[in-house]
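S.K.: These protein sequence lines map, in sequence, to chains A and B.
For the first sequence, position 294 (counting from the first letter as 1) is numbered 294 according to this note's numbering, and the numbering increases by one without interruption.
For the second sequence, position 149 (counting from the first letter as 1) is numbered 149 according to this note's numbering, and the numbering increases by one without interruption.
There may be inaccurate statements among the hints.
Said to hold, decoys possible - For lysine-lysine, the following DSSO-like pairs were computed, each having C-alpha atoms within a straight-line distance of at most 27 Å:
1. B/K170 to B/K23
2. B/K93 to A/K68
3. A/K117 to B/K228
4. A/K63 to B/K170
5. A/K68 to B/K170
6. B/K142 to A/K117
7. A/K246 to A/K342
8. B/K126 to A/K215
9. A/K217 to B/K366
10. B/K256 to B/K199
11. B/K142 to B/K126
12. A/K64 to B/K199
13. B/K142 to A/K68
14. A/K217 to A/K343
15. B/K24 to B/K67
16. B/K93 to B/K256
17. A/K64 to A/K207
18. A/K56 to A/K324
19. B/K199 to A/K63
20. B/K292 to A/K117
21. B/K170 to A/K64
22. B/K50 to B/K292
23. B/K93 to B/K50
24. B/K256 to B/K24
25. B/K199 to B/K170
26. A/K273 to A/K246
27. B/K126 to B/K24
28. A/K68 to B/K256
29. B/K170 to B/K93
30. B/K67 to B/K323
31. B/K67 to B/K126
32. B/K366 to A/K68
Honestly, the hints are just simulated from the structure, not real lab data.
Remember, it's a predicted structure, so these values are computed and weren't measured experimentally.
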Amino acid sequence: PRRAGGRAAALHCPAAGVSQVTVRDALNQALDEELERDERVFLLGEEVAQYDGAYKISRGLWKKYGDKRVIDTPISEMGFTGIAVGAAMAGLRPVCEFMTFNFSMQAIDQVINSAAKTCYMSAGSIAVPIVFRGPNGASAGVAAQHSQCFAAWYGHCPGLKVVSPWSSEDAKGLLKASIRDDNPVVMLENELLYGVPFEMSEQAQSKDFVVPIGKAKIERQGTHVTLVSHSRPVGHCLEAAAILAKEGVECEVINLRTIRPMDIEAVEASVVKTNHLVTVEGGWPQFGVGAEICARIMEGSAFNYLDAPAVRVTGADVPMPYAKILEDNCIPQVKDIIFAVKKTLNI
Amino acid sequence: ASRVMVASRNYADFANEATFEIKKCDLHRLEEGPSTTVVMTREEGLHYYKTMQTIRRMELKADQLYKQKIIRGFCHLYDGQEACCVGLEAAIKPTDHVITAYRAHGFTYARGVPTREILAELTGRKGGCVKGKGGSMHMYTKNFYGGNGIVGAQVPLGAGIALACKYFDKNEVCLTLYGDGAANQGQIFETYNMAALWKLPCVFICENNRYGMGTSVERAAASTDYYKRGDFIPGLRVRTDTAFFCGGMGNTFLFKGPILMELQTYRYHGHSMSDPGISYRTREEIQEVRSKSDPITLLKDRMVNNNLASIEELKEIDVAVRKEIEEAAQFATTDPEPPLEELGNHIYFNEPPFEVRGPNQWIRYKSVC
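Please put together the full structure from these sequences, using the hints given.
M.R.: Take a look at the structure:
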């Protein structure tokens, strides 16, 4: 698989304290640090303990913290998710791993009706400080039942926070912030990003580094068009931007980092500057993250600054096929982003 | 049950306690059940009587208010089942935990929420125990986690609370209640497995009132021995027309790990206020339970017959309870509705204020807490 962000990162000479850290290691560090910091934090899910994690995110943690803090569950999503939510209601701070978010559908009632809504229904008397995390969206060749993106579904619900990291800094900082947040947070990771190294500054590697939930990051400044994205497609946007720069088109690339609450102000400020908007996501088009961004831009002051309709680049509107040629054409590629930019700029 | 006329007595004439024989529990994977001989003190009996009567009258008042359309939406009443929540509460400590489904008003009261706050929550007023944000199915208080609307979902939650009890090493238990209808939910069996595997201090309690909405137990379950459905989890079945089993309950909590208790009980009302409750069961059946197995009547008879209280004394309690419920209803019907600003509050916990979108982009609420 192509390594989004890897190429750009490798070209830099590392400054003092800067290291190349994979997303996997960044997540592992975050879990390790938060388990150490607060004894109420614990991790549960399938294969998180003795297997070191299905995707090795929790490698070494069971050895270090033991059965009480890192718990292997049976294959019972609805049951163990409910147990995790109940534990959070009673004062613990669970990190509930879904092997992939596709399996969270088994447990979605507990995430929404038990976790998301309880603070509201109880007028603030019961908090649910829980993190649901795991890989989300398309992987490579895992076919329809294992490739769905849940950003839109979870992002729809008040009471939840939903974050979607791209870089290692995002992954570590957002996971730490999510664990420290007193609310249910859904953290949508990406399996293809786990092995990708990113630069991490010394500050980002420190034990108290958190990325605030609800704030987008401008990964690349630009003047001609705003590209808004989350998770792996952010890397594709940066690649597209590098190619377009050679043709004189300067893209501003915004990494949303958080789906809910969405930092629409960052998008608006950018659109006011560039007058053009392209949203990029891996999920399906209908009722998706891009659709929400477009709707909000229309409602706000930035609408008057658009010189062309906003455009969405999304996953194809089909269940994910298996054959490589079909799958490749179901996810937004760099060429699709470039095409959309040129269409919107009318070049 | 026959009534016994006794002459008026002074309080000094009453016995301090009495001993009762109760029906033996059916056992599953248990060598011994709770004792069939129970001692109840006069004080305990009066407390149970008052609590059950309060719940009874509160539920009947809710029925009235619902018919007057002052309570809206769902309203699932507990009258007939009072002995369950009163008996269970007597067996645990305030530091133990309870979670149940939507037929929750009795437990809400037993766990310490005043009747006025329960009724005001039903009528959707700001003086309701959760400020009108929850309604009938979502009432909470310390160590009481509701009130849960999704059938069966509260069971894994309860095991999670039990996990926290074990994690914090505080010797507390969680009573996790569900009905005969919920007993067929898959997530409950997932929970049995994990609770047993991890030895969680979770007491699973099936309140079997014979009907899951309009479906009788015979029509819903291949096995109606709900106390056995936990398979590897020890279980017992108790007849709860009396509150006496609570005396023996203390023993069951000494087990390390989960246990399952089936309580055989009955609800006089239909499933909810929109169900007259007679299309799937006969009026005769309801009447028979009322005349032979009403928990309040049975307790009254036992107390009077065993010289623990007089009829007059219990009547005085009835009068006091009625007065309390009238006042609570008065509060519940006159307290104002929550202010509109409340709409945006409590979405998140411990969060700086933010704006909440209303029905259109120009209507915004501020979430202040």
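S.K.: Run every hint past the structure and note whether it holds.
M.R.: Tested hints:
no.	hint	in the structure
1	B/K170 to B/K23	33 Å, violated
2	B/K93 to A/K68	26 Å, holds
3	A/K117 to B/K228	33 Å, violated
4	A/K63 to B/K170	26 Å, holds
5	A/K68 to B/K170	15 Å, holds
6	B/K142 to A/K117	18 Å, holds
7	A/K246 to A/K342	13 Å, holds
8	B/K126 to A/K215	35 Å, violated
9	A/K217 to B/K366	25 Å, holds
10	B/K256 to B/K199	7 Å, holds
11	B/K142 to B/K126	19 Å, holds
12	A/K64 to B/K199	23 Å, holds
13	B/K142 to A/K68	26 Å, holds
14	A/K217 to A/K343	25 Å, holds
15	B/K24 to B/K67	41 Å, violated
16	B/K93 to B/K256	18 Å, holds
17	A/K64 to A/K207	17 Å, holds
18	A/K56 to A/K324	25 Å, holds
19	B/K199 to A/K63	22 Å, holds
20	B/K292 to A/K117	42 Å, violated
21	B/K170 to A/K64	24 Å, holds
22	B/K50 to B/K292	20 Å, holds
23	B/K93 to B/K50	19 Å, holds
24	B/K256 to B/K24	23 Å, holds
25	B/K199 to B/K170	15 Å, holds
26	A/K273 to A/K246	21 Å, holds
27	B/K126 to B/K24	46 Å, violated
28	A/K68 to B/K256	17 Å, holds
29	B/K170 to B/K93	12 Å, holds
30	B/K67 to B/K323	21 Å, holds
31	B/K67 to B/K126	21 Å, holds
32	B/K366 to A/K68	40 Å, violated
The structure shown violates the earlier hints numbered 1, 3, 8, 15, 20, 27 and 32.
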